Amino acid sequence: MRRLTLIALGVALAGAILAGARGAHDTKRRASPKPRPVETPRDEAAALPSEGVAEPTRAPEPIDIRARLLKLEGDEIAKIEEEFEARVIEDPAFALQLFDVFLSETDPVKVSFLQNVLASHPPLRNDPEWLERFLKVAERDVRFDRRAAALLFIQQAETIRPVHDRLLALAEGDRELCAHALVALRGLPDRRLPDPRLVALAGRLAERETNPDVRGLAIRIEGNPQRAEKALSDPERVVRMHACQVVTSRAALEAAIRTESDPEVKQVMEFHFAQLK
Amino acid sequence: MRLRGASATLVLFLASAAVAHAQTALKASGTVNVRTGPGTGYGIIGQAHAGQVYVGIATSGEWWKIYYNGGTGWTHGSYYSALSGSTGVKVTTDTLNVRSGPSTGYSILGQVYMGQIHFWTVHESIAPWYKIYWGGREAYIHGDYVTRVNLTGGGTAPPPPPPPSGTTNLSVTHYYQVNNYYCGPTSAQIVIQYVSGAYYGQHTIAAYCGTSPSYGTSNWMVKQAINYYAGAAYSQVSYDGERLRNNIRNNRPSNINFQCRYLAYWGYSSAMHHSVVKGYTGGGFYVHDTWMGPNKWASSTELYNAVVYHYNLTAMRY
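Chains U and B are the protein sequences, given in the same order.
First residue of the first sequence: 1, per our numbering; consecutive thereafter.
First residue of the second sequence: 1, per our numbering; consecutive thereafter.
FYI, nobody ran anything at the bench for these hints, they're computed from the structure.
Note that the structure is a prediction, hence the values are computed from the model and not measured.
It is possible that part of the hints are untrue.
Stated by the list, open to error - Some chain B residues judged to face chain U by a derived CB distance under 10 Å, without partners named:
1. THR168
2. TYR181
3. TYR268
Stated by the list, open to error - With a straight-line Cα cutoff of 30 Å, these simulated DSSO-like cross-link-like pairs (lysine-lysine) come out:
4. B:LYS296 to U:LYS71
5. U:LYS230 to U:LYS266
6. U:LYS136 to B:LYS296
7. B:LYS296 to U:LYS79
8. U:LYS266 to U:LYS277
9. U:LYS71 to U:LYS136
10. U:LYS277 to B:LYS296
11. U:LYS277 to U:LYS230
Beta carbons: idealized from backbone N, C-alpha and C, even for Gly.
Given these sequences and hints, build the entire structure.
Printed below as a string of structure tokens:
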């Protein structure tokens, strides 16, 4: 009996051990969920065990923007530009810091430098939010140099559609910023969109603007050879110089060259006359 | 007879000792003989005069072999300085008449032949005629039968130092304009000094350019002055940022004529101005401004606006 009891105990103990082992195995299996399919590097990172993603990333060294800008001259400019542009790409917070300094800096070159660093990063210069930030500066800031620099940022965008109407309003209604708004609207050669409203505005300015610089610029932007022909006899030399670059009639330009009394204007006309051949 | 044989041997020896060079523009500093061989024992075939420029193609010791009078001649290098960055014209037809003036109405002086290269006196050519130096005098050939070629510096005058590797800001000496309307002559002075090593005063250049207090200096004349005083090959062209950068990479600063109202370093004030672009960064350019000072930085967009929305024409090298 005693022997039977011992055997029964032995069997129970073995069963318990086996059950325990099975139980542990089941628990472990439950604790390891089926791995997620990996599709992108981001998913891959998320699928790693927690200790894999918990590794702390090193915070980028802070840059004292103002201190660096104090040395913004000569060959240092290239180094600072390179460093700032790299940092803008890797650290979105840095871009906002640069913008804060842009808003309070009073040196026109530093202001322009800062907008140019921000514009170097395509996701920023093509972001409607950033365009809006800079357009507000162009519309409302008290300093002219900051307003002009803000338009330089906008001019570098792939498309200025989100801010187009307000830029037109600036070109038409803000005498101080008119020329800068016009060139921003005209855009850079590789970012230029045909824009009938700009042409119409340039036509109006070419007709009635009293500032010869703006009038000449408007004639260039409108690109209307007939109006340009008439402007070849404009009393302002600057206007005549702009106009001769739009004229397409050799006869008209030849006649203007014959009567032109300003030697510099004459030389510009002669240059463009040669181009018309 | 024996003497002639010895002479022929000497010529052969010297011919084999001659070292071929890339076409080099050589400017005479005085009147100097041109001979049939590289030594004073050779016969004189003519002379070169001060200021005339001939194209050297080979050297033998201190002697240069040049294109001269429709053939070649030898002349002593110590009477010449080399002009770097200048342009020559290469004959592309079998025989081309050389005339005393820029039309077929002028007399024929002689001929030049296929492959010969002559220095092109850019500033005095009258299209389509090219003014050249030929046999000790000025002469003209028709532009339809030549092609332009670059001439190298070298020889007795060292070319401008190459930019140190890794930098894109040339070591160009800066000068301030001496009065408020000399920006054109000063910007020419800066480029001339860099390209040729020669210093010319602003009044001298201003007189050449016809600079006036009322309208300053035209782009065209700035370019003419650079070509005249530096023997360079600058051209008046439409603004192009990449061309500017390329010039700088090739050790050539460019003159720009611009509207200051688009430049931050000018405080966006309204004035027309000449200066020199002599370096670039990733997003901008270094400008030696004749009024504001050396190494002024302007973003690429600023400079584009300042030049393109001014006259769009500026003096750059080819």
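Results of checking the hints against the structure:
With a least beta-carbon distance of about 8 Å to chain U, the hint placing B:THR168 at the interface is held under the 10 Å criterion. A least Cβ separation of about 12 Å between B:TYR181 and chain U goes past the 10 Å threshold, and the interface hint is therefore violated. A least Cβ separation of about 5 Å between B:TYR268 and chain U falls short of the 10 Å threshold, and the interface hint therefore holds. A threshold of 30 Å between alpha carbons decides the hint, and for B:LYS296 with U:LYS71 the separation of about 13 Å falls inside it, so the pair holds.
With a CA separation close to 16 Å, the supplied pair U:LYS230 and U:LYS266 stays within the 30 Å bound. The hinted pair formed by U:LYS136 and B:LYS296 meets the criterion: a straight-line CA distance of about 28 Å does not exceed 30 Å. For a cut-off of 30 Å, the pair hint linking B:LYS296 to U:LYS79 stands: about 15 Å separates their Cα positions. Taking the CA atoms of U:LYS266 and U:LYS277, the gap is near 17 Å; set against the 30 Å cutoff, the hint holds.
Distance check on the hinted pair: U:LYS71 and U:LYS136 sit about 29 Å apart at the alpha-carbon level, within 30 Å; holds. As the CA atoms of U:LYS277 and B:LYS296 are separated by approximately 38 Å, the hinted pair breaks the 30 Å bound. Taking the CA atoms of U:LYS277 and U:LYS230, the gap is near 21 Å; set against the 30 Å cutoff, the hint holds.
The structure fails to meet hints 2, 10 from the earlier list, while all remaining hints are met.
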